[in-house]
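Given chain A, work out where chain B should sit, using these hints.
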Amino acid sequence: MALVYLDPFEQLQTELDRMLDAAFGPAGPSRLFPPVNVFDAGEAYVVKAELPGVTPDQIGIEVEDDTLTLRGERPFAEPSREAAYHRRERGSGQFRRVVRIPGRLESNEAKAEYRDGVLTVRLPKAKEARPRRVQIQAA
Amino acid sequence: MAPNELEARPKQKVERREETTRPGAYFQPAVDILETRDELVLVADMPGVPSDGVDVDLEGDELSIEGRVRTGDYDGLKPLYCEYGVGSYYRRFTLGEMIDRDGIKAQMKNGVLELRLPKAERARARRITVETA
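These protein sequence lines map, in sequence, to chains A and B.
For the first sequence, this note's numbering gives the first residue as 1, with consecutive numbering after it.
For the second sequence, this note's numbering gives the first residue as 1001, with consecutive numbering after it.
Isolated chain A, as found in the complex (with noise of 0.2 Å):
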């Protein structure tokens, strides 16, 4: 078997083009808004939404129970009357999106990161759904 090297951010890429084709197939990803990204960092969930050209206090953020709902409002640039557009790629306009955690939360404990228009959550697991490490008693 060839010895192949592959970075940690390359083995990412590709655990998450994996997971792409699996749950959505040829038919490609869902068109929800923002699309998210679920990751598990072991004492907690982290969630990650690609949500550029948005200000921090554009974004609402909820907790409850196992669900985070996460909403806003991505504005519309007005033009100046002179400009013609060649493009226009980039969508504007109102969001709500709801996902479900695949586990138990410590809800008031989340925190949330908006960085390079990429908003980061970290939801807490509830304690007793943490890993936890037994120690061995002496005899």
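If you're looking for bench data, these hints aren't it; they were derived computationally from the structure.
Computed Cβ-Cβ distance ranges for the label pairs, DEER-style:
hint, chain 1, residue 1, chain 2, residue 2, range
1, A, Gln94, B, Val1056, 23 to 33 Å
2, A, Glu113, B, Lys1013, 24 to 34 Å
3, B, Glu1114, A, Ala129, 39 to 49 Å
4, B, Glu1121, A, Ala41, 50 to 60 Å
5, B, Gly1072, A, Ala77, 27 to 37 Å
6, A, Arg96, B, Gln1012, 19 to 29 Å
7, B, Gln1012, A, Ala84, 19 to 29 Å
8, B, Arg1037, A, Arg104, 55 to 65 Å
9, A, Asn108, B, Lys1013, 37 to 47 Å
10, A, Asp21, B, Arg1037, 41 to 51 Å
11, A, Pro131, B, Gly1096, 54 to 64 Å
12, A, Lys127, B, Arg1016, 41 to 51 Å
Just so it is clear, CB atoms sit at the ideal spot from N, CA and C, and this is done for glycine as well.
Using the frame of chain A, we list chain B on its own:
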């Protein structure tokens, strides 16, 4: 008028024309391009790209933009569910206008690149305004 509901635009992978030593996939950023009398404005969505991760290159009439994401943001994260691929961005354009290279301005904010490309004096002068007497 009520604002419309936003729809996600699935990210498209692109092949780089030249071979790169950097690993991983490249995606095509969604862009708006608009033109005024004096300049071209290009706006590109590149979520995850910091302001120091952008390269803009103009060679002849060929403009290319590249945005690199911070790969370290994913350390220790095991994917459970995925709706979008993660990687850098790349896109090329052929410009129909002469651009004043020294006047190009780029700004990266909240994952959006705004590029202002002023038209060269020569290109501006080609335009002849007819004034009514």
